[in-house]
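Asker: The primary structure of each chain is shown beneath.
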Amino acid sequence: MAGFLSEAEWVALTLSLKVALAAVLCGLPFAFFCALLLARRDFRGKTLVDGVIHLPLVLPPVALGYLLLISLGTRAPLGAFLLQNFGIRFVFSWTGAALASAILTFPFQVRAIRLSLEAQDPGLAQAAETLGAGPLDRLTSLYLPLALPGILAGVVTAFAACLGEFGAIITFVSNIPGETRTIPLAIYTAIQTPGGEAAAARLAALSILLALAGLVLADVVARRVRAQIGQ
Amino acid sequence: MSSGIQLRHRLDAFQLDAAFEFGNSPGVSALFGPSGAGKSTIINAIAGLIAPEFGRIVINGETLLDTERGLSVPARARRIGVVFQDTRLFPHLDVQGNLLYGSRRAPVKSDASRTAAVVGLLGLEGLLNRRPRTLSGGERSRVALGRALLMNPRALLLDEPLAALDAARKAEILPYLERLVHETQIPMLYVSHSLDEVARLADRMIVIDKGRVIAEGSVFDLSARLDLVAGSPLLPGVILQAKIAAHDEAHALTELELAGESVVVPRIAKAIGETVRIRIDAPDVMLALSRPEGVSANNILPVLVTAIEQTGPNADVQLALKEARLVARITRRSLERLALKPGTAVFAVIKSVTVGGREHL
Numbered sequence: 001m002a003g004f005l006s007e008a009e010w011v012a013l014t015l016s017l018k019v020a021l022a023a024v025l026c027g028l029p030f031a032f033f034c035a036l037l038l039a040r041r042d043f044r045g046k047t048l049v050d051g052v053i054h055l056p057l058v059l060p061p062v063a064l065g066y067l068l069l070i071s072l073g074t075r076a077p078l079g080a081f082l083l084q085n086f087g088i089r090f091v092f093s094w095t096g097a098a099l100a101s102a103i104l105t106f107p108f109q110v111r112a113i114r115l116s117l118e119a120q121d122p123g124l125a126q127a128a129e130t131l132g133a134g135p136l137d138r139l140t141s142l143y144l145p146l147a148l149p150g151i152l153a154g155v156v157t158a159f160a161a162c163l164g165e166f167g168a169i170i171t172f173v174s175n176i177p178g179e180t181r182t183i184p185l186a187i188y189t190a191i192q193t194p195g196g197e198a199a200a201a202r203l204a205a206l207s208i209l210l211a212l213a214g215l216v217l218a219d220v221v222a223r224r225v226r227a228q229i230g231q
Numbered sequence: 001m002s003s004g005i006q007l008r009h010r011l012d013a014f015q016l017d018a019a020f021e022f023g024n025s026p027g028v029s030a031l032f033g034p035s036g037a038g039k040s041t042i043i044n045a046i047a048g049l050i051a052p053e054f055g056r057i058v059i060n061g062e063t064l065l066d067t068e069r070g071l072s073v074p075a076r077a078r079r080i081g082v083v084f085q086d087t088r089l090f091p092h093l094d095v096q097g098n099l100l101y102g103s104r105r106a107p108v109k110s111d112a113s114r115t116a117a118v119v120g121l122l123g124l125e126g127l128l129n130r131r132p133r134t135l136s137g138g139e140r141s142r143v144a145l146g147r148a149l150l151m152n153p154r155a156l157l158l159d160e161p162l163a164a165l166d167a168a169r170k171a172e173i174l175p176y177l178e179r180l181v182h183e184t185q186i187p188m189l190y191v192s193h194s195l196d197e198v199a200r201l202a203d204r205m206i207v208i209d210k211g212r213v214i215a216e217g218s219v220f221d222l223s224a225r226l227d228l229v230a231g232s233p234l235l236p237g238v239i240l241q242a243k244i245a246a247h248d249e250a251h252a253l254t255e256l257e258l259a260g261e262s263v264v265v266p267r268i269a270k271a272i273g274e275t276v277r278i279r280i281d282a283p284d285v286m287l288a289l290s291r292p293e294g295v296s297a298n299n300i301l302p303v304l305v306t307a308i309e310q311t312g313p314n315a316d317v318q319l320a321l322k323e324a325r326l327v328a329r330i331t332r333r334s335l336e337r338l339a340l341k342p343g344t345a346v347f348a349v350i351k352s353v354t355v356g357g358r359e360h361l
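Protein chains in written order, with our numbering: chain L, 1 to 231; chain V, 1 to 361.
Watch out, some of these pointers could steer you wrong.
[Stated by the list, open to error] Covered stretches of chain V, going by a simulated chain L footprint (3 or more residues, C-beta under 8 Å):
(1) 76-83
(2) 175-187
[Stated by the list, open to error] Pulled from the structure, derived: some chain V residues nowhere near chain L, Cβ distances all over 10 Å:
(3) R8
(4) D86
(5) R88
(6) H92
(7) E249
(8) D281
(9) G312
[Said to hold, decoys possible] Cβ pair distances, simulated, as ranges:
(10) D50(L) x H182(V): 29 to 37 Å
(11) D111(V) x L21(L): 45 to 53 Å
(12) A211(L) x D86(V): 40 to 48 Å
(13) A13(V) x G123(L): 23 to 31 Å
(14) T134(V) x L17(L): 36 to 44 Å
(15) D50(L) x F54(V): 35 to 43 Å
(16) E178(V) x L139(L): 53 to 61 Å
Think of the hints as simulated: they come from the structure by calculation, not from any bench. Predicted, not measured: the structure shown is a model, and the values here were computed from it. All C-beta atoms in this analysis are idealised placements derived from N, C-alpha and C, irrespective of residue type, glycine included.
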């Protein structure tokens, strides 16, 4: 692998994986909570919440990147507050790339988890209740294990989508080698560089490989999990 | 009322307004009535799965719901075991995990010996590591029963636990239910459409229709009430208690003593002197003005007509054999031909094979 890829391309690959992993894992608890809220509760403004969660699907990523830049930049009130009090800086950092990716792929996670929660027989929850299980107990002993295939599907889809993120990252955290230059940004840079076509082609091939591996893995894991939970 | 159920609830056009005795003593009360009568609403309200507009639920002296005092124990703390018609086993847990789900959360947990006893009672020994998906319908019902029993409930609600099973599976599970009824001291409310199941399991019967309790009492009294059986979609038949008088091993028959008369039925595997329940369906009872001669039927009982109820082509005739009651369903034409009236002395002719025919009731 290292022979096939140049040092810089290898860095882009590992960075991409790191950003995607962080984005998905940090987004997952929130996604599960939102999915649970949408699947199990009726409340005023549900349509609005649903809309906001799905907004990243239709919003131009560049617009999101811009919004993040003006709200979390070091001179913006929120960005300055985070930097001074917690030492957290998103701009020009890989964490910013992860944040942008997490927001953009959030709807994928919520959707998959929500579908698997809605597919659960509400009678099971009633049975658990009569058997003495309170709300939190039902969540961990019933909803969560039964939603596992959906959670995995959401994680894999979101992970794959993170690997392709471009517009929001380049707008929000720029194109810094080793810090924010993920594979798509590296491809873009290679195309802009005279004689970079071969590097761009290698990176594109790598993207295809990653996407395929992800899909196959997701399918295998989902099948195993379904068998495990008896569906 | 020290223990009992009072419920008022409106659901769209349906109005439930029911009050009955339940939960004071062990034994099975059958909640009996046509679909849409409100049986499931009652079950859900007692279990705490719906909140009725008005209600008082007292089980064994413990108040679980009293809307007037603003008291409502949440479902998870009521300790009311429910066996749902669709079993509702947890698909991600094996049989063992399902059985212990309630027990692990109960204030009084089932220890190993109690668990083993219930597993043995329901014949679940070989299934403990299986997933619900791989079980047959009858096996699933047994697991659902075990799961509810092992939580050590104050009362057990069975919502048509056999309705989803075919006749063979029902026959397989009924003996388990009978053993359960005899070996546990838990009040049970058994929802059913089937007089057969009621006859085998229940002591008391609560008949509901259109959200109201129309009769409540012992199964022996209620099964002979014409106002309940006439025009009812349920197969009418009386449930009687009789004593084993003798066995005729050569012909595989058993002779019962019923209100001083002898009734011959197919062999019942019980000792002489023991009491058994029999069920005699109204269409199987023939009436004659004089004692018939040269007929194949073994049982010819002298009875008095006590009441008559006519619907469509049918006439349901209630008959008294001393304190026991029978019901005969004949045509209205026969009723007129025989000129039957309350007080008429007739003979009830009952073929032995029709009495024992259904699972040796």
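Asker: Go through the numbered hints given earlier and state which of them the structure violates, listing their numbers in rising order.
Answerer: Per hint list: 2, 4, 5, 6, 10, 16 violated.
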